[in-house]
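Heads up: the protein sequence lines correspond to chains A and B, in order.
Read in the numbering used here, the first sequence has 232 at position 232, and its numbers run on one by one without any break.
Read in the numbering used here, the second sequence has 3 at position 3, and its numbers run on one by one without any break.
Just so you know, these hints were derived from the structure itself, not from any lab.
Mixed in with the good hints, there may be bad ones.
Said to hold, decoys possible - Example chain A residues on the side facing chain B (calculated, C-beta under 10 Å, incomplete): (1) Glu-18; (2) Glu-24; (3) Arg-78; (4) Ser-81; (5) Ala-88.
Claimed, not checked - Some residues of chain B that are not near chain A, with every Cβ distance over 12 Å (derived): (6) Thr-54; (7) Arg-77; (8) Val-78; (9) Leu-83; (10) Asp-110; (11) Pro-112; (12) Leu-161; (13) Ser-165; (14) Val-200; (15) Leu-222; (16) Asp-255; (17) Val-299; (18) Ile-326; (19) Ser-328; (20) Leu-331.
Quick caveat, the model's predicted, so the values are computed rather than measured.
For every residue, glycine included, the Cβ atom is placed at its ideal position computed from N, Cα and C.
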Amino acid sequence: MSRMQQVALLRCPHCTSELEGLSEDVLFFCTECGRAWTLEEELVRTPITILGVPASGTLLLPFWLARASVGVSQRITRRRSISAAISASRHFTAHEERGLQETGGHQGTESFIIPAFACTRALSIAVALKRNPPPLRRAQLDSYPPVVGGSVSPADAIALAHAVAVGAEVEEKDFLASVDVELEPKDVSVLAIVCPAGKLGFQIDDTGVPVTYESMEDAADILAHNGMEGFLT
Amino acid sequence: MPAGQASIALKCPSCGGPISMGEGDTHLRCPHCSSSLILMGTVRQYVLPCRTGTTQVLREVRKVLSKSGKSMVQQCRVTKPNLFYVPYWHLTAQAHGYVLGLEPVYKEEDVPIAVDERESTSMSVMGPKRKVKRRTGSKAVEKEIQLYGNVNISAANLEPLGIPSMSSRAQMSLQGIAIQGSGLPDGLEILDTRNKPEGVFVDPLVSLSEARAEAEKYIDGLTEGYAQGLEQRWKYVVLTGRRNCLIYYPLWVVDFYYGDRRYQAVVDGTSAKVLRGRFPGSFSEKGLISAAAAAFWGVGLPVVFDLFSSSGLDIRGRGFAPNCMIMSAILVLALAYGTYRFVKILDDLAGKGLDRIV
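Kindly generate the complete structure, drawing on both the sequences and the hints.
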């Protein structure tokens, strides 16, 4: 049933430099050669794109970029309010509710940007990034700054991408009653995005999407690792 | 370390120094040589070290036995305790999703309370008013779900020992045991399968996939709170950040004999507290039952003999008539059967009903 557990030295499989990360990270970035590694049964190389160069008061936060084929069907919406005084059933039953409409579905390849750091608001942040994604411009770097806090696995990123696809339908201006969303992942890579730090949290550069310290499980450790403890007062 | 998180001890592969890792941690720096370390392995197994020895366990069992009477301890033959490490799955996950539905809308109205016309001296039926809520419709609701859940699931059936199993529907175990609800006991250590501590490690009969299914059921149940009060509800939930580990918990099982009856007690290996067991009933209780039985025969027998000798049962007014003999025979048979039942009840009570269950 189980393999023997062992403690091993954490080194970059490419250049053997020590890898750094927080205690629950599964994503590690080598500041020597710029390669990213994901811990599964062993360290697996993962493509990474660094968007921007961090300046004073900013740092790089890890995100997963998941591309997938998405199919939305049986999208049923309801009216904002119903004047019927009779109780309805507990679970959604289409024929029991008046005013339901089935709107058109769609299909296509979409990209999802999912926080790779543990965050209670991961879903709403990812939905906001879906609406307003950052420009994917690879930065030219002379050296590699640290990228820590990646404790969300690629499998979880795909699961969250599915939730984001549902969330994107919920966020539409109508009132959703039910929807069927199918998602088939194509590939997953890492984005390191510059995020300026403020009093209450970070802001994802070029998007205006906020990430509060309160919602991040590792905010203090991430700031400390980047020498920015002073932001968390 | 946050409250409720266990600290696990292990050794640095670089310098051999002791280091401490939190449950769920995959990476840290050795505090002695600063080497960057990573924990590899599919299923993490932890063990809660046993902090009690056989002497302490026997002392606790004898303490409970002495409550049945001072001579009970001498009369019972206690065998050597056996240490078992019983498995529990500990699983955590984060739930994200949405719940859609209809929320009923109510309107408060002042409604006059009906007055009994017979009591009223007036033709009017208007009385004092009271506020009632009347449903007027419903409004569409869309809520986001965000929830962190953790759960302990029994990996082996301990019901024969009297210890309830923990599952998605039952999250409370015996009072006194350190694994309760979703919490983790303090002092967990990584289990080195090559150098296991002494004791019998019970194989987990519940697989990881079965435990995960139970955990997901439990956490999904927790998300139902977001849908409370909604009708026509549609829920979508994904679980991420799944972490799991197997925890071995030490329990001592002690067999002892009272007469020819065998009893068993389960003692916690960390606190030495007697968690569960059946202990013989006290002598005073048996004495009372015996006295009651003796009183019954002491009264019943003379009555039977009196009836038999005084022809009290003779309906024709003649002693030793056939009908009197038949009635007397029936009475004697009834008393004999009663005697048999009494002895059996007394025996059963001595075995079970008078026993104390901890």
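To see whether the hints hold, each was checked on the structure:
no. : hint    : result
1   : Glu-18  : 4 Å, holds
2   : Glu-24  : 6 Å, holds
3   : Arg-78  : 5 Å, holds
4   : Ser-81  : 4 Å, holds
5   : Ala-88  : 4 Å, holds
6   : Thr-54  : 30 Å, holds
7   : Arg-77  : 39 Å, holds
8   : Val-78  : 36 Å, holds
9   : Leu-83  : 22 Å, holds
10  : Asp-110 : 18 Å, holds
11  : Pro-112 : 21 Å, holds
12  : Leu-161 : 23 Å, holds
13  : Ser-165 : 19 Å, holds
14  : Val-200 : 17 Å, holds
15  : Leu-222 : 14 Å, holds
16  : Asp-255 : 30 Å, holds
17  : Val-299 : 64 Å, holds
18  : Ile-326 : 69 Å, holds
19  : Ser-328 : 70 Å, holds
20  : Leu-331 : 65 Å, holds
Consistency note: the structure conflicts with none of the earlier hints.
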